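Student: Protein sequence lines, in the order shown, are assigned to chains L and D. Residue 146 in our numbering sits at position 146 of the first sequence, and the numbers go up by one each step. Residue 317 in our numbering sits at position 317 of the second sequence, and the numbers go up by one each step.
Quick caveat, the hints were computed from the structure, so don't treat them as lab data. Among the clues, some could well be false.
Unchecked claim - Only part of the chain L face toward chain D is listed, based on derived beta-carbon distances under 10 Å:
| # | residue |
| --- | --- |
| 1 | Trp-5 |
| 2 | Arg-9 |
| 3 | Ser-16 |
| 4 | Thr-28 |
| 5 | Gly-31 |
| 6 | Arg-233 |
| 7 | Gln-302 |
Stated by the list, open to error - Computed cross-link-like contacts, DSS-like style, restricted to lysine-lysine with a CA-CA straight-line distance of at most 25 Å:
| # | chain 1 | residue 1 | chain 2 | residue 2 |
| --- | --- | --- | --- | --- |
| 8 | D | Lys-290 | D | Lys-312 |
| 9 | D | Lys-5 | L | Lys-299 |
| 10 | D | Lys-290 | D | Lys-195 |
| 11 | D | Lys-148 | D | Lys-195 |
| 12 | L | Lys-32 | D | Lys-44 |
| 13 | D | Lys-44 | D | Lys-5 |
Just so we're clear, the structure is a prediction, and the values are computed from it rather than from any experiment. The C-beta atom is built at its ideal place from N, Cα and C for all residues, glycine as well.
This is what each chain is made of:
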Amino acid sequence: MYRFWATARQRRYLWSRTHVIDDCLEWTGTGKEMFLGFLIVIAILAPFLLFIQFVFPALLARGKAEAAFGLIFLFEIALIYLGGFARFRALRYRLSRSWWHGIRGGSDDPGWNYAGEYLGRIFLAAVTVWIAWPGQATHLWNSRWDAMSFGPLEFRAELDSEGLGWRWALVYLVPIGLLIAAAVLAFGIIGSLGAGADPLPRASIAAIIGLMFVVAYVAIPLMTLNWYAAYFRKAAEATTLGEIGFGFDATTMQWLGLFLGNLGLAIVTLGFGITYWGYRNWSFMVRHLHIYGSIDVSKLTQSTTHAPREAEGFADAFDVGAI
Amino acid sequence: MIAAKLYDGVTAHPHDVRVAFGHQCLTLEQDGGWSDSVEAAQLKRIEVSRASIRLGRSDTPGWRLLLPGEAAEDVRTLLGREERYGRWIDRVGLIPALAVGAAVTASVVAFGYVAPAWIAPHVPMSWERNVGGAIVADFGELRCRDGKGQQALEALVERVSPGATKGPNGIKVAALDVPMFNAAALPGGYIVVFKPAITETDPEALAGVLAHEIAHVRRRHVTEALLRELGIGALIRLFSGTIGANAEQIVALSYTRSNEAQADSDAVRSLQQANIDPRPTAALFQRLAKEAPEFSAQFLQSHPASGQRAQKFAASFDRREQYQPALSRDDADALFDICRNHSPHQ
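Whole structure, please, built from the sequences with the hints as guidance.
Tutor: Encoded structure:
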């Protein structure tokens, strides 16, 4: 239960130690509103879950498998829709609780349309075995940020997938290439040995194949990370706020360092180090984020957007980040 | 007068102001002649560090007064002590708050531990029937179906606990061709015995094992374990006829130590009443304790120290007693062969 209040405390600490130009940020979100957000999510999701838990087995038991799986399918569609909604609302909530020079951000868009677009784009990406993902991801970034503002200034995002495509192709090509290389290597060795060869080299062939499988499993996450590193760099550059531009300079290796560092920290401290992850992640973002341009503080007036009362409960429930 | 910076919450422009601390209020002045007074009740601390103090106003969002660190004493006089761990905790103090928190947590855990034992006896056996039946059906192909063997197995249950297989809540026993030394009580009064527990023991020792499992059924330990391990939600799911757990999970349910001790005591008494020699059961437990852990781990899991339980059975041996065989010669042979005609790949 305390984790909502702990999160609020942690953010207050992190924001207050983050300097932007001449003053620090301020977080005004509270544990109470995050708890409220959590309760809302429970209230919405619980009937869903109970319904599935009772109706699904009951339908199966009565031999209505099509109906049962149709229901699950609908349920998953609803979950994806809510996932998109969650991501939008989390960003909106965070901006509405982030203050600088006594001014906050926010959005007047409730996010339902964004959730619909999210569902559609996830569907498009899924039917193309995610090959079309870069294009969809960039469109979603634009839709999300275009709806946001800080004070009177609107965020504008003009991200396109140019140059991101080949990195995404590597996610598919590198593992396939590795597997082909492994197979060629293995068959080459078998061929050179001929029939009835000593079993020992055969064992080492199996080891090579096994090793390559492992490499393939490591390769996919690594290549995905490689893509996301480029995506975030490009996304920050494509986003503006009034006359302010952004830049993000974390490389794939730096991202990898962050994740391995988090993992190592958790292992070395037997899990207690996980409490430090929030700080590490935030400071990583802040260190690599650059803000350019000028801002006329006397024209930066208070935000007129509606400040949501509930917090990012949905994002919390679906475990998605805000950005 | 202290120099400070003011954000008015209307624009992001910082105003240079001079601040004077008065009685229950704060006065702000600016060079152009502008001045304002804010009551202490409207002020709140936003952030306090050694170098600076940031105050906000509860009636004006975004209004921020940035004071230098040296104003700390004045701010304390005006606003009182700073909130430290949060309003509720500050009111009672950290240590009492921690103690209360620990007590609440402990009682929740204790309730979770004790509640299943209270609730289990009140769960109608009929709710569990479907679940147990489904699990036995799950094992389907593995079930040993030799008619005479099945009769002998049921006879052994009747011998240990007369009348146990009768009535709507009667015990249903099944032998399974699974190469693992184990026996388990399932929800709904089902007891499954795995093949090695039949072929690698004599009927007397098997009688002891069955008596132990019957006790688990009779005392509703199975329901208790279900509630304990799957949570109170298991109750609702029992009622709806599906448990949402697979057969392996149910077989691997573990009882508490006191449940096990109770089942052992009941088993000793059953053997006495049935006039069956307890020594083979004692020897079986002794043997299981010595055997490689992978064979005995499941059965011995969470059981009282096996040496002790072997002793419990051994101690109940009475040399003056005229013990009777657990099964007739024919029944014992039939039981031994219960899985003979079974071939899972037919």
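Student: Look at each hint and say if it fits the structure.
Tutor: So, going through the hints one by one against the coordinates:
1. Here the hint on Trp-5 (chain L) is kept, as its CB sits about 7 Å from the closest CB of chain D, short of 10 Å.
2. A hinted interface residue such as Arg-9 (chain L) counts as satisfied when its beta carbon comes closer than 10 Å to some beta carbon of chain D; here the least separation is about 9 Å, so the hint holds.
3. Annotation: interface hint on Ser-16 (chain L) holds; nearest CB of chain D at approximately 5 Å, less than 10 Å.
4. At about 8 Å, the closest approach between the beta carbon of Thr-28 (chain L) and any beta carbon in chain D falls short of 10 Å, and the interface hint on this residue holds.
5. Checking Gly-31 (chain L) against chain D by beta carbon gives a least distance of about 9 Å; that is within 10 Å, so the hint holds.
6. Below 10 Å, beta-carbon pairs count as interface contacts, and Arg-233 (chain L) has none with chain D, the closest being about 28 Å; its hint is therefore violated.
7. Evaluation of the Gln-302 (chain L) hint against chain D yields a held restraint, the C-beta minimum of about 6 Å falling below 10 Å.
8. A distance of roughly 17 Å separates the Cα atoms of Lys-290 (chain D) and Lys-312 (chain D); the hinted pair therefore holds under the 25 Å criterion.
9. Under the criterion of a C-alpha separation no larger than 25 Å, the hint pairing Lys-5 (chain D) with Lys-299 (chain L) is consistent with the structure, at around 18 Å.
10. A C-alpha spacing of about 20 Å is found between Lys-290 (chain D) and Lys-195 (chain D), which places the hinted pair at or below 25 Å, so the restraint holds.
11. Between Lys-148 (chain D) and Lys-195 (chain D) the alpha-carbon distance is near 15 Å, which keeps this suggested pair within the 25 Å criterion.
12. At roughly 18 Å between alpha-carbon atoms, Lys-32 (chain L) and Lys-44 (chain D) fall within 25 Å of each other, so this suggested pair holds.
13. As the CA atoms of Lys-44 (chain D) and Lys-5 (chain D) are separated by approximately 16 Å, the hinted pair is consistent with the 25 Å bound.
Going through the hint list in order, the structure does not satisfy hint 6, though it satisfies all others.
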